[in-house]
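One letter stands for each residue in the lines below.
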Amino acid sequence: MASRLAKRLGGLVIVMFIVAAIVFFLTRLAPGDPAALMLGDQATADDIARLRTTYGLDRPLFIQFGLWLAEVVKGNLGHSIFLQRPVTQALLERAEPTFFLALFALAFATLIGIPCGIASAVWRGRLVDQILSAIAMLSASIPSFWLGLLFIQFFAVRLGWLPVAGYGDPGAPLAERLAHLILPATVLGIVNSALIVRFTRASMLDVLGEDFIRTARAKGISERRVVLRHAFGNALVPIVTVVGLTGALLIGGAIVTETVFGLPGIGNLIVSSVLRRDYPVIQGALIVVAGIYVIINIAVDLIYALVDPRVRT
Amino acid sequence: MTDTSPLLDIADLKVAFDTETGTVTPILGVNLKVHAGETVALVGESGSGKSVTSLAVMGLLPRPAGRVAEGRILFRRRSGDSVDLATLPREAMQQLRGGEIAMIFQEPMTSLNPVLSVGEQIAEAVRQHMKLDRRAAQKRAIEMLELVEIPAAASRALEYPHEMSGGMRQRVMIALAMSCNPSLLIADEPTTALDVTVQAQILALIDRLRHDTGMGVLFITHNLGVVAEVADRVTVMYAGQVVEAGPVRALFRGARHPYTRGLMDCLPARAHRGADGRRVVKAIPGTVASALAIHDGCRFGPRCEHAADACRAAPPGLEFAEPEHLTRCIRWRSL
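Chains as they are written, first to last, in the numbering used here: chain D, 1 to 313; chain F, 314 to 648.
Since the hints were derived computationally from the structure, they do not count as laboratory data. All residues carry an ideal CB built from backbone N, CA and C; glycine is no exception. One or more of the hints may lead you astray.
Said to hold, decoys possible - Stretches of chain D that chain F covers, calculated by requiring three or more beta carbons in the stretch to come under 8 Å of a beta carbon on chain F:
id, region
1, 212-222
2, 299-310
As the list claims (entries may be wrong) - Here are the in silico distance ranges between beta carbons for each label pair:
id, chain 1, residue 1, chain 2, residue 2, range
3, D, Leu162, F, Arg447, 40 to 48 Å
4, F, Pro615, D, Arg124, 33 to 41 Å
5, F, Arg403, D, Leu174, 45 to 53 Å
6, D, Ala107, F, Asp525, 50 to 58 Å
7, D, Met137, F, His524, 13 to 21 Å
8, D, Val307, F, Thr332, 19 to 27 Å
9, D, Leu306, F, Thr600, 43 to 51 Å
10, D, Gly10, F, Arg403, 53 to 61 Å
11, F, Glu459, D, Leu228, 26 to 34 Å
12, F, Leu373, D, Ala202, 20 to 28 Å
13, F, Arg447, D, Thr88, 18 to 26 Å
14, F, Leu445, D, Leu306, 43 to 51 Å
15, F, Thr600, D, Asp206, 46 to 54 Å
16, F, Arg403, D, Asp206, 43 to 51 Å
Using the sequences and the hints given, assemble the complete structure.
Below, the structure is given as structure tokens:
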């Protein structure tokens, strides 16, 4: 187990270096000059050149990359060109809504998706399965922005139960801020639960056809126990995978949902930074998101060993 | 064994499966008795309905397609009462299953749950039927592993199935089946997937347990060599029907059905020298009739070298060739 972890962490370093390189050079490939953008239409060529020197934009790309990477390793993601503060600070300020949004949406998607998937598999082909499969298909096909607008219209505007948009006052109590997440998290949860339902159903169907399920039934234990302990216990590996991937995607910022609900999260920050050519922020955000993605994948890999003894040895 | 009524008494069993193309009846007329303390072999080719018969006894026919359409499966409980397993409510059946009636399956490699330790898997059945607490059940599991001659049982109980060989796993299956002192053990081809040397050990183990506990064993196999070794009585199935049944000696001395004869001729030990001097093992021509394509008359007719017009006219019934020796062949006298 420890050597497995060590091996994965070694891989993490390599992956992160590659990610850093791709992020850095891809960002530079995009057209547009941040210095010119920042100074606006009235700026002279001299002004722009001076600003480029200040931010080191006039130096060769590989030098820029080396300097940037050295700082990244130290934990310094650079300074935002537009926000007038360190990138790490900008990210941290935006982390809370994104983190809780991802957490709630994933919890919602999992709590809905897994039981529905199990029910669908157990009553395969029956009415329950047909209804659940239809709903799953529908929720996978609905665009989240449309569902978001629908929810805002109904729950926030018409019923007035929940806030329409935004993340409330930064000084407000946490509970009040989190109330702003109920609608977006539900939307994201519904959209993402579809995949979990499909994976759980398929995985359970596979397992329910196995010989050891017949053995379990032959023991005379209840069907409920057969399904939950024997079948579900064996169906977990693909389910853990899809839940992990969903979580990782959500951490990366549910860009559309954050935009629709006006949430000041990471996804929102990335979009506005791209529009402003704010290289340091784009790079920093992508590095952090990629890092979280890789770490979640490692965690999923370690969970495999917990749920399946065959992986341990 | 003061009670002489059979432990298991299957009469005129008919099992039906509802499929998209209509209802099929893979089992149509099975009569079978197992007494306490004896081993009855249920023999037949693949597809003859042996396993479906055993699943019907266990109440494990695939739902919702499979069902017992006719007949009864009487089982004498430990309490002395007889119950009809074909009509028993699901919960009552669940109590018997794994408790008084246990089963071992053909594939030891896939019949154990890969994510639970073997000790847990045995303890689970023990807790269910013997109402023991966790610790006592675990202790019982280790005792059962010792009973099936697994060395270092206490530490092996913590192992997972993938850490064991096929023979070991089949021993675990047997330990699991025996853990609640069943009075009837159904063994569905328990040695087919194993090496020959391991086969012999497993057969000896099942036989010793039968002898020690006085349970009845329904031993399903297609291997007549195994039958000769373990069985007291034999029931031969063909295309969903019992075609011959009797004491093992009587059958091997003088089979009264052409199909049984054919099976015995397939034994390599009975191979004869061909014209070129090489040993020739005789085979039965054709394949088992599909349950979907059953015709009038004797089901074995199309493959039978003794078939006459009368055989094609009407389905033959079971009749006594000798006391305790049944055959479903109208021409048994001329065999």
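Quick rundown of the hints versus the structure:
With 10 residues having a beta carbon nearer than 8 Å to a beta carbon of chain F, the region 212-222 of chain D meets the requirement of three or more and the stated coverage holds. Residues of the region 299-310 of chain D lying with their CB closer than 8 Å to a CB of chain F number 4, which satisfies the three-residue condition for coverage. At roughly 46 Å, the beta-carbon separation of D:Leu162 and F:Arg447 lies within the given 40 to 48 Å, and the hint holds. Between F:Pro615 and D:Arg124 the beta carbons are some 38 Å apart, a value that agrees with the proposed interval 33 to 41 Å.
Range check, F:Arg403 to D:Leu174: about 50 Å between beta-carbon atoms, so the 45 to 53 Å window is met. Taken as a hint, the range 50 to 58 Å holds for the pair D:Ala107 and F:Asp525, whose Cβ atoms sit roughly 54 Å apart. One distance hint, 13 to 21 Å for the beta-carbon pair D:Met137 and F:His524, is violated here, with the actual separation near 59 Å. For the pair D:Val307 and F:Thr332, the beta carbons lie near 36 Å from each other, so the given range of 19 to 27 Å is not met.
Under the hint 43 to 51 Å, the C-beta atoms of D:Leu306 and F:Thr600, about 48 Å apart, fit the expected range. Separated by about 54 Å at the C-beta atoms, D:Gly10 and F:Arg403 satisfy the suggested range of 53 to 61 Å. Separated by about 31 Å at the C-beta atoms, F:Glu459 and D:Leu228 satisfy the suggested range of 26 to 34 Å. A hinted range of 20 to 28 Å holds for the C-beta pair F:Leu373 and D:Ala202, which are about 24 Å apart.
The supplied range of 18 to 26 Å is broken by F:Arg447 and D:Thr88, whose beta-carbon atoms lie about 50 Å from each other. For F:Leu445 and D:Leu306, the hinted distance range of 43 to 51 Å is not satisfied, since their beta carbons lie about 28 Å from each other. Between F:Thr600 and D:Asp206 the C-beta distance comes to about 31 Å, which lies outside the given range of 46 to 54 Å. F:Arg403 and D:Asp206 have their C-beta atoms about 25 Å apart, which leaves the hinted 43 to 51 Å range violated.
Violated hints, listed in ascending order, are 7, 8, 13, 14, 15, 16; each of the other numbered hints is respected by the structure.
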